[in-house]
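Colleague: Spelled out from the first residue to the last, the chains are:
Protein chains: 2
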Amino acid sequence: MNLDKLDHRSIAVGDVVAERTFSLTRDSLVRYAGASGDFNPIHYRDDVATSVGLPGVLAHGMLTMGVAVQPVVDWLGTNGWVADYGVRFTRPVVVDPLEGASVTVVAKVGVVGEGTARIDLTVTYNNETVLGKAQVQVTFR
Amino acid sequence: MNLDKLDHRSIAVGDVVAERTFSLTRDSLVRYAGASGDFNPIHYRDDVATSVGLPGVLAHGMLTMGVAVQPVVDWLGTNGWVADYGVRFTRPVVVDPLEGASVTVVAKVGVVGEGTARIDLTVTYNNETVLGKAQVQVTFR
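Protein chains in written order, with numbering that gives the first Met the number 0: chain E, 0 to 140; chain C, 0 to 140.
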């Protein structure tokens, strides 16, 4: 853990540059539906989710993907930007109506380049990976 | 153009499986801020955007990325899911306070596998690419 070592000029492979646990709630999903236009009811209706055999209402994958990169964006601040981002959607995030879902992100340096770095995200929920091969290519100013 | 040829069992490389133009408005950005927790004011304040040298208020990259994949999700319906998704953020989308921003997505079959396909997105705004190397790996049921 090197959360105090935020200077991008001194990062090394394996350094943790950001770590955060965020809560996805049913509110978040409704807001994302409004933002994206994705009103698939499996993201806000328990009856529909159950009727199609799901364990419950699921977070939109793209919302999970979006919040997962936020700690890296915040770490970068004005020192750089996300140039490239990709993930594998390995498991759905079930959002409990009362508790929401607690998702943890650990952002670790995977590769250091010339003015660039690849940051690898470990994104878990209930101790299981929800986004696999989550890689953020960043460019520094 | 093969927009009527929606059956995933008969797709071939080069087929266009979906095409859509969507409008990002300032409303969309505010909703996405609320959904994601990303309240960077460059996404809703003209004064801040201008003060940091931007041509105007920008869409969150993750919102653009999210809406860009929606036509593929809709095309898939219950026939499959997005297993993997990655993009390069090549240009920002400036969202006019009155006009919003009109973003066009063309989703074309790039690779056909065994029960899978790679769908390549062309995502443009003002005739310029905003998401490069936008690749969606899909798995069919």
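Fair warning: there could be bad hints in the mix.
Cut-off 30 Å, straight-line C-alpha distance, at most; resulting in silico cross-link-like pairs (BS3-like, lysine-lysine) [stated by the list, open to error]:
no.: 1; chain 1: E; residue 1: LYS107; chain 2: E; residue 2: LYS132
no.: 2; chain 1: C; residue 1: LYS107; chain 2: E; residue 2: LYS132
no.: 3; chain 1: C; residue 1: LYS107; chain 2: C; residue 2: LYS132
no.: 4; chain 1: C; residue 1: LYS107; chain 2: E; residue 2: LYS107
no.: 5; chain 1: E; residue 1: LYS132; chain 2: C; residue 2: LYS132
These aren't lab readings, by the way, just hints derived from the structure by calculation.
Note that this is a predicted model, so its numbers are computed, not measured.
Colleague: Hints broken by the structure, by number, lowest first?
Modeller: Hint 4 alone not satisfied by this model.
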